[in-house]
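Chains A and B supply the protein sequences, listed in that same order.
Numbering-wise (our numbering), the first sequence opens with residue 1 and increments by one.
Numbering-wise (our numbering), the second sequence opens with residue 1001 and increments by one.
These aren't lab readings, by the way, just hints derived from the structure by calculation.
Ideal placement from N, C-alpha and C gives every residue a C-beta, glycine not left out.
One should not assume that every hint holds.
According to the in silico footprint, chain A covers these stretches of chain B (three or more CB under 8 Å from chain A) [unchecked claim]:
1) 1077 to 1085
2) 1108 to 1118
3) 1130 to 1143
4) 1152 to 1164
Pair ranges (Cβ atoms, derived) [to be verified]:
5) L1159(B) <-> K316(A): 42 to 48 Å
6) P203(A) <-> Y1132(B): 36 to 42 Å
7) S1061(B) <-> T297(A): 58 to 64 Å
8) E278(A) <-> A1134(B): 47 to 53 Å
9) P1050(B) <-> E126(A): 48 to 54 Å
10) D108(A) <-> A1134(B): 39 to 45 Å
Here are the chains, one letter per residue:
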Amino acid sequence: MLRHLFSSASALVLMAGCQINPLECDPACMDSWMDGPMHDDPIHAGDPTIRLSTRIPNPDSITLRKRVIIAVHGYTASTYEWKEFRQYAENDTSVLVSLVLLGGHGADLQDFQNSTWEDWGRPILEEFSALARMGYGNISLICSSAGCPLILEYVHDRAFDTLPFPRHLLMIDPIVVPTAKLLSAANLIGPLLGNNQNLGDTPEEQKNWYQNRPAETLAELYELINLVKNQLENGFRLTPGTRCKVWKSLHDASVDPVSALLIYKGLRLADGSRIEAELVSSKLHVFTRLAGRISATAADTILQQRVFGEILTRIKN
Amino acid sequence: MRHPLAESILGASLILMPLKAGAQDVVWSVGVNTQDIVDFEPGHDWMWGPEIGFSHQQIFSHRLEFQTQYLTSRLEAAYRNILREDWFVFSPIWHFRRDRLFNPTLQADFGYNRYDTEFDWARSLDNSTWFYGAKAGLRLNFFESRYNLHFAFGYQQALSESNVVYALPFSFGISHLFL
């Protein structure tokens, strides 16, 4: 009996040590994916034009009066996710868009694997603080997917209380509940399963999103969304003056649309009134990003332009 | 029009009716069950509610029990912003040592889960799904098997893409058997 127990325990230990999908970067990964050394986010390549704080280091008084939008991408993505929006929004000369690269993202896979969700969120607050210090007074936040719970966590922790209040918090496909419910088992079976590969449809996607999702990062993602889900279930309020809207696509393979309902129930404006929410008919996750996709339809383009227009109208009012 | 809640109430009534007959071949049980998920993260939405079980001497000598449960988060939803969920579960349960102190069990779960969308803008959410699952568990029988504490852990899978049925459920409950 004891011998059986001992051999079963040994087998479990061995299994835990040997992952079914070990994290490996093969030649395709090395040469053409963001996971490898050849393709990094432009921020890592030293491009100063991505973040507003480095693009215009000494803004004049006219620039400081412009409306600023800090755009935050999601898990495994890069600043590419909001480039289309920046192009659209900055056609209006009264608007400036700053693209934030989440911590641990946009460089080699090893950096991503070793990062925590706290690392992911740090650059958001750094950019917000830097712009506030420079004198920008009208700053809004827009986020997609896992970028949103990172911001919500900051709101919950009152991180914006000592900064100029964000005028708007606009969320596109925010994640609180994943579509793949097995994510909740990331802590349990993740170390055994190891890496989860999710190949992008186009070379563009492979260059700008991690194709490998190390188990450690999936566990971090679940820890983050579970934390924010609980905070929402207990309820909390936005900073005084901040307005908020959530857009959520109905048929999203990554984020369950019920996430929007949980945010709507749990997050209130400072005066206690409800935020706004809208469900949109789309099969895309982060439906505002169409570049690099092969599955985008004409209806997706119409939706993207409508929502871009609405975001801009809100920001300017 | 068929409604899961109405069907569940009707089913419960039919099951409770013969209790007074006290036929020795038949064993009925009633209890309270709770369910949550295993994810090693703090804080969750507990589902809980009544369960009713039935077994018969001529069906594998009471080793196979048929159980129905209604689980809900509505009480917790009264004071927290959690979803108002309803779970209707039917479970054939195999008891390996039905009348012993330690009774390991295996069960299959078939059920229906739904939640209230609550707001007009959220009406187009796909808020219901059928699901199936399996659990392994252990029952501790007390007082000549008239009462038992039961615990089970397993896997469940929803049929709709959008749902709130997480993968690894565990349940804990207490039952009284009418022997």
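Hints the structure fails to honour: As far as the earlier hints go, 3 and 8 are violated by this structure, in ascending order.
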